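Enquirer: Sequence:
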Amino acid sequence: MSIRVKIVLVVLPILLVAVVLAGMSSYFVAARAVTRVATDFLDFKASELEKYAESQWNLLVENGVADRPDMVAAAKAGVESFAVSILRSPTELILGFDKDGTLVLKTSAVDLRPEETSRAAELHTRGERGFLTLSAGGTERVASGFPFGPFGWYVLVTEERSAFYGDVETITRATLAILAASLVIATILLLIFVRYLTGPLTVVAGAMRRIIDSGDMSERVPVEYKDEIGQLSHTFNIMLEELGKAYENIKRYALSAKIAEIRERKTKNVFQLYVPKHVLDEVMGNPEQALVGEDRVLAILFSDIRGFTSISEKMMPDDLVANLNRYFDLMVNVIDAHGGIVDKYIGDAIMAIFGAPVKREDDVLHAVQAGLGMVDALKSFNAEQEQRGKPPFNTGIGINYGLVTVGNIGCDKKMNYTVIGDMVNLASRLEGQTKTYRQPILISESAWMKVRDTLPCRQMDKIAVKGKERGVKVFTVRKELTEPETRAWPIHE
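When the letters of the sequence shown are read in order and numbered with this note's numbering, they come out as residues 87 to 579.
The set of hints was computed from the structure by calculation and includes no laboratory data. Keep in mind it's a predicted model, so treat the numbers as computed, not measured. Certain hints may be false.
Unchecked claim - For lysine-lysine, the following DSS-like pairs were computed, each having C-alpha atoms within a straight-line distance of at most 27 Å:
no. : residue 1 : residue 2
1   : K445      : K536
2   : K352      : K331
3   : K521      : K445
4   : K559      : K536
5   : K445      : K500
6   : K521      : K400
7   : K521      : K465
8   : K465      : K554
9   : K552      : K521
10  : K352      : K400
11  : K430      : K476
12  : K521      : K559
13  : K445      : K430
14  : K331      : K430
15  : K565      : K445
16  : K536      : K499
17  : K500      : K465
18  : K521      : K536
19  : K465      : K476
20  : K352      : K500
21  : K430      : K500
22  : K465      : K400
23  : K400      : K476
24  : K521      : K554
25  : K559      : K445
26  : K430      : K344
27  : K476      : K499
28  : K352      : K430
29  : K536      : K552
30  : K548      : K476
31  : K500      : K536
32  : K352      : K499
Unchecked claim - Pair by pair, the computed Cβ-Cβ distance ranges are:
no. : residue 1 : residue 2 : range
33  : P236      : R212      : 12 to 22 Å
34  : N335      : D448      : 21 to 31 Å
35  : L341      : R538      : 56 to 66 Å
36  : R538      : E569      : 41 to 51 Å
37  : E208      : P236      : 16 to 26 Å
38  : R212      : V170      : 21 to 31 Å
39  : L98       : G213      : 44 to 54 Å
All C-beta atoms, glycine included, are put in the ideal place defined by N, C-alpha and C.
Required output: the full structure, derived from the provided sequences and hints.
Expert: Encoded structure:
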């Protein structure tokens, strides 16, 4: 709803109430004045008639003939004649009633209705004096009444209501017409005034809409008034100027931010070739914590190609690098798929960790499943090698689970996100033992305790490890047992 409509809806009822009150006031003032005139007029005639009737009765009493019906009838006829003589208008009517409401005096012919007769009887009983209104012969009348006991009459001096109030109603209708015309004119003037008053607001609103649609901050609103609306327009122009400056700054900042984002993305893409994605995300998201190390329990996986030296002697360098990269690509995809990150490449060996920088409850299981997946991926790789006439790769995988120190280790010029500690060395030694026990994968006792309820495992031996006073149990693991293994493993246990 527009502000123009709101102003009209507020002011128009006020005007309407004022007009109605003025009309009602004029009507009631006029009606009160007319009523006073009618009362005085009718009371005067009623008083004269009552005096005459009393004089006639006094004559009867003084002459001692008040008990003679013929003389009383003559007196009543004299009163009726006097009543006719005081009438000055054909619409005036003087009536007299007995206690039953029956007409005993009338100055002209009139037929009373039953309800009018009942009203007359009621007035006779109450004996009211003064001004009153009633209906006689179906015509609304105003009257002044008085009881006259000697004759047993109740007398009414009446006049048609329209004779007194017709002019009042005419004046009232004229007044209402004038007030209605005034209301229409006031409404028209109000609409013109509201349009004139709110015009600048419409201009400001239109400018806002155009700026929103076009984004043009150079538009300005004309300042046409030296009042609050003019101040609004002036303030709006100042706001546009400041918004224009801010908009230009935002565009410059946005451009700079976009350029920085593109540079960061390019840098990230380049470094991702050398740094694990998880590590890169952590460093870039929280650079102030990048050099902080911590002790954490996680799984370490070592994988190494057996006899790689002899393989490298049989292949050209570029061919060797291509095959090695294809092998690494397969292995790393498996590690990534199980939530691990490649810590480093050590020649043809891969070191991966599970549980850093993001730790999960089943890191060991993911590490072992990744090792088993690498074994399966190696079979596909060797099948392709055979088709190409290239030598197959044989690998060993060692997995340990324990407490290590993890963090960014190095100096300002060169740094690696890695793990160090005794548990790392044990994982490397387990990988080295795979050739001795002719198993593709060996895991430590701590890893076995975490996966034994999920994957089939078998203890291979208890070996001595450098730096350890007690022997270390080693286990092999499978995705599922073959039929011969199903028969043999329980016997071995």
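Enquirer: Just tell me: holds or violated, for the beta carbon distance of E208 and P236 against 16 to 26 Å?
Expert: holds, 21 Å
Enquirer: Straight-line Cα separation of K565 and K445 no greater than 27 Å?
Expert: Holds: K565 and K445 sit about 24 Å apart, inside 27 Å.
Enquirer: Take the C-alpha atoms of K548 and K476, compute the straight-line distance between them, and say whether it is at most 27 Å.
Expert: This hinted pair is violated, its Cα atoms lying about 37 Å apart.
Enquirer: Need the status of pair K465, K400: alpha-carbon distance at most 27 Å?
Expert: Status holds; Cα separation ~21 Å.
Enquirer: With a cut-off of 27 Å on the C-alpha distance, tell me whether K536 and K552 pass.
Expert: holds, 24 Å
Enquirer: Regarding the pair K400 and K476, is the alpha-carbon distance no greater than 27 Å?
Expert: Holds - the C-alpha atoms of K476 and K400 are around 9 Å apart, at most 27 Å.
Enquirer: Sort out whether K476 lies within 27 Å of K465, counting only the CA atoms.
Expert: Between K465 and K476 the Cα gap is close to 14 Å, so the pair holds against 27 Å.
Enquirer: Would the pair K352 and K499 pass a check requiring their Cα atoms to be no farther apart than 27 Å?
Expert: holds, 20 Å
Enquirer: Just to be careful, I want the Cα atoms of K500 and K536 compared with a cutoff of 27 Å; is the pair within it?
Expert: Not OK: K500 and K536 at ~36 Å, beyond 27 Å, violated.
Enquirer: Compare the distance between the alpha carbons of K559 and K445 with 27 Å, and conclude whether the hinted pair is satisfied.
Expert: Holds, at about 26 Å.
Enquirer: Next pair to validate is K552 with K521; report whether the Cα-Cα distance is within 27 Å.
Expert: holds, 18 Å
Enquirer: So if I understand the rule, the pair passes when the alpha-carbon distance is 27 Å or less; does K521 with K536 pass?
Expert: holds, 24 Å
Of the numbered hints stated above, those contradicted by the structure are hints 2, 3, 8, 10, 14, 16, 17, 26, 27, 30, 31, 34 and 36, listed in ascending order.
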